[in-house]
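Residue numbers (our numbering), protein chains in the order written: chain A, 1 to 400; chain B, 1 to 400.
The set of hints was computed from the structure by calculation and includes no laboratory data.
Relax, there's no trap hidden among the hints.
The list makes no distinction among identical chains, and a pair is therefore deemed to hold if it is satisfied within one copy or across any two copies.
Quick list of in silico lysine to any residue cross-link-like pairs, SDA-like style, CA-CA up to 20 Å:
id, residue 1, residue 2
1, K112, G374
2, K112, R312
3, K396, G384
4, K112, V52
5, K112, V78
6, K112, P285
7, K112, D319
8, K219, R391
Letter by letter, the chains look like this.
Protein chains: 2
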Amino acid sequence: MSPNRIAARYWIESAFPLAQAAEVLAGEQSSGTFVRVPGETEELRERAGARVESIRELDESPTPSLPGAGAPPGAPPVYRRAEISVTWPVENLGPSLPNLMATVAGNLFELKQFSGLKLLDMTLPDDFRQAYPGPAFAVAGTRRLAGVERLPLIGTIIKPSIGMNPRETAAMVEQLTAGGIDFIKDDELQSDGPYCPFAARVHAVMDVLNRHADRTGKKVMFAFNLTGEVDQMRLRHDQVLAAGGTCVMVSVNGAGLAGVSALRRHSQLPIHGHRNGWGMFDRSPAIGMSYRAYQKFWRVAGVDHLHVNGLRNKFCESDESVIASARECLTPMFPPPGPDFTILPVFSSGQTAAQAADTFRALGSADLIFACGGGIMGHPDGIGAGVAAVRQAWEKALAG
Amino acid sequence: MSPNRIAARYWIESAFPLAQAAEVLAGEQSSGTFVRVPGETEELRERAGARVESIRELDESPTPSLPGAGAPPGAPPVYRRAEISVTWPVENLGPSLPNLMATVAGNLFELKQFSGLKLLDMTLPDDFRQAYPGPAFAVAGTRRLAGVERLPLIGTIIKPSIGMNPRETAAMVEQLTAGGIDFIKDDELQSDGPYCPFAARVHAVMDVLNRHADRTGKKVMFAFNLTGEVDQMRLRHDQVLAAGGTCVMVSVNGAGLAGVSALRRHSQLPIHGHRNGWGMFDRSPAIGMSYRAYQKFWRVAGVDHLHVNGLRNKFCESDESVIASARECLTPMFPPPGPDFTILPVFSSGQTAAQAADTFRALGSADLIFACGGGIMGHPDGIGAGVAAVRQAWEKALAG
Numbered sequence: 001m002s003p004n005r006i007a008a009r010y011w012i013e014s015a016f017p018l019a020q021a022a023e024v025l026a027g028e029q030s031s032g033t034f035v036r037v038p039g040e041t042e043e044l045r046e047r048a049g050a051r052v053e054s055i056r057e058l059d060e061s062p063t064p065s066l067p068g069a070g071a072p073p074g075a076p077p078v079y080r081r082a083e084i085s086v087t088w089p090v091e092n093l094g095p096s097l098p099n100l101m102a103t104v105a106g107n108l109f110e111l112k113q114f115s116g117l118k119l120l121d122m123t124l125p126d127d128f129r130q131a132y133p134g135p136a137f138a139v140a141g142t143r144r145l146a147g148v149e150r151l152p153l154i155g156t157i158i159k160p161s162i163g164m165n166p167r168e169t170a171a172m173v174e175q176l177t178a179g180g181i182d183f184i185k186d187d188e189l190q191s192d193g194p195y196c197p198f199a200a201r202v203h204a205v206m207d208v209l210n211r212h213a214d215r216t217g218k219k220v221m222f223a224f225n226l227t228g229e230v231d232q233m234r235l236r237h238d239q240v241l242a243a244g245g246t247c248v249m250v251s252v253n254g255a256g257l258a259g260v261s262a263l264r265r266h267s268q269l270p271i272h273g274h275r276n277g278w279g280m281f282d283r284s285p286a287i288g289m290s291y292r293a294y295q296k297f298w299r300v301a302g303v304d305h306l307h308v309n310g311l312r313n314k315f316c317e318s319d320e321s322v323i324a325s326a327r328e329c330l331t332p333m334f335p336p337p338g339p340d341f342t343i344l345p346v347f348s349s350g351q352t353a354a355q356a357a358d359t360f361r362a363l364g365s366a367d368l369i370f371a372c373g374g375g376i377m378g379h380p381d382g383i384g385a386g387v388a389a390v391r392q393a394w395e396k397a398l399a400g
Numbered sequence: 001m002s003p004n005r006i007a008a009r010y011w012i013e014s015a016f017p018l019a020q021a022a023e024v025l026a027g028e029q030s031s032g033t034f035v036r037v038p039g040e041t042e043e044l045r046e047r048a049g050a051r052v053e054s055i056r057e058l059d060e061s062p063t064p065s066l067p068g069a070g071a072p073p074g075a076p077p078v079y080r081r082a083e084i085s086v087t088w089p090v091e092n093l094g095p096s097l098p099n100l101m102a103t104v105a106g107n108l109f110e111l112k113q114f115s116g117l118k119l120l121d122m123t124l125p126d127d128f129r130q131a132y133p134g135p136a137f138a139v140a141g142t143r144r145l146a147g148v149e150r151l152p153l154i155g156t157i158i159k160p161s162i163g164m165n166p167r168e169t170a171a172m173v174e175q176l177t178a179g180g181i182d183f184i185k186d187d188e189l190q191s192d193g194p195y196c197p198f199a200a201r202v203h204a205v206m207d208v209l210n211r212h213a214d215r216t217g218k219k220v221m222f223a224f225n226l227t228g229e230v231d232q233m234r235l236r237h238d239q240v241l242a243a244g245g246t247c248v249m250v251s252v253n254g255a256g257l258a259g260v261s262a263l264r265r266h267s268q269l270p271i272h273g274h275r276n277g278w279g280m281f282d283r284s285p286a287i288g289m290s291y292r293a294y295q296k297f298w299r300v301a302g303v304d305h306l307h308v309n310g311l312r313n314k315f316c317e318s319d320e321s322v323i324a325s326a327r328e329c330l331t332p333m334f335p336p337p338g339p340d341f342t343i344l345p346v347f348s349s350g351q352t353a354a355q356a357a358d359t360f361r362a363l364g365s366a367d368l369i370f371a372c373g374g375g376i377m378g379h380p381d382g383i384g385a386g387v388a389a390v391r392q393a394w395e396k397a398l399a400g
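Next up, chain A with everything else stripped away, as it sits in the complex (with noise of 0.2 Å):
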């Protein structure tokens, strides 16, 4: 592939002949249209066409995986399945994110020629590592705000999710860090609500979290929700630089492209990045997006952090998606020299002390987050036996 192209892997399925089918895709997310029309000269195509790399043929289907799909005249339709990669010249749209989505997740979902059309992976041309900042902490620069060398930084959601105040709030984070906890992150539905304002929340956390660093030393990273609009998240930034926090939390999907690329350029911290409503995008095999390709847009974008699930998760992701998630996370996007834009998975959801070894031998790594909600607050012993025998689990993990 031209290192100046940008390259898209899909799945589809097709009742057309699969080469057919691909050229329609290409044409319409390019120079081509429905129908030829004038202007498009060769040159012209040759210049700004997307161009059908592969195809490779899987299996096939008596019935369409999604309805609204045309077959060709003739015969009843069989609805064959294939991997393909198309590849467009950077020059069509620059490296920019918001066009890249048009670009290879546009229009073609609703092509006539696919009953199932998924976006798998994608690879993208140095231009977007020049236009983009990243990832600005990533695992290093995490680890180094966490105080955390080793092992992954054991953590915690604020539950119940909604619902307290910021004096309950500090009161639980309170707890939890005399627990010896390392990082603690609000709930993806508490952003700013009225009952519990950002900036008052903000203020009576990090009170709890400065006099903890004061006597011993350690500043635990609390990811406070900011989402919202752009002026807004950069306000709310503000706010929790200057009371001291390490680290903010921005629901993906809500934000946007757009909106997290703003935060990131403004942010003195790492971007906590949650993927609520990535179900959406991957969750039915037959449309929509692979968390491979989601996770790429959001490390451009520029978050630190992106959550993948974890083993034995309360949702219905399996264990080989999530791991597959996290490897990702931590594979570089651009090759050496530079940065390769490789970030910290947040694992969470039904964690325990039980998963350390397990998700340890499945990844080969202990970069990341592990968020225990449970695991720790419903420990026998309590909070700081909670946190130890996580601690523990990885301490072991890692010693083999």
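Following the hints, put chain B in place on chain A, whose structure we already have.
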């Protein structure tokens, strides 16, 4: 429903008792979690908990629509479908679109209780109307700027979508304006690529449109695709405004809620919302978000126009779905007094004079943009004849 609650309606599919599955959803998206946590008092649940308001059972299936779902132990599972309504106190989040997304369309898509889950609709309390400016131009403002009183705005899309430079684009605009067109838009693939830079395109195109306006008194509306990062969008908006342009266009999924909202708060021009990527949300009946729910996010964010495809379009969307979508755009989101956030639906994809009468009959309104590509550009007697044919067809449709 209480006036200060957010309501959402979902299609669900579950092997678990429906009431139980619905309660899990309500809990996960508010004060609950997988286990009852100490701080979740009755008072807190009463104040912050989401409520299942209704469950209407539909059909059932022996197989799950999506993989990954659980089932109760015992007999082979049956997957029951239902429409449910869930409400939240607006105090949980405040009137914030990015946080609304996390609340009504967040982690719930991954819950093991569901083998299918789609957000069908939502109703927002007046707080959102107070917090967001909403569409600034909508139907009346767009008609005023375009100088079109009764008929739809007859429009087209620059084709080839991508690959022409500013000079070539302006030459095409020259032909279209000479042909008497009301509205032209960039393709969603064309924003600010190095081959057709935004500023140069605005300069070249507005030179044509301004000269045409000087001669004829008619300022053709051109929707310049300014999709990009927040600061880029603001700058590009200012370039369009300074050059005398009357519309900007944004790919809403690429920019995201905070991005579109930031553009709206800066903008002095109608915002043409392009929904490319919408198929990812709505094409599957088993996962995602219906257009009815989807368009409400973007109306509150402040777009003035939003795409709906068109009758007998070249994509996979049915005519019923197209008309229902267009009706949604024209249906008030809030009761009087105050702005109702209605917007102008944009018909496109395979539109010609042949669809005018059917569109008017089905929609019962001419408040729309009618964007024809081949129907105008491919007319055997030239562009002027193509525009005239479409306009005449609409005149006849309105005359009955």
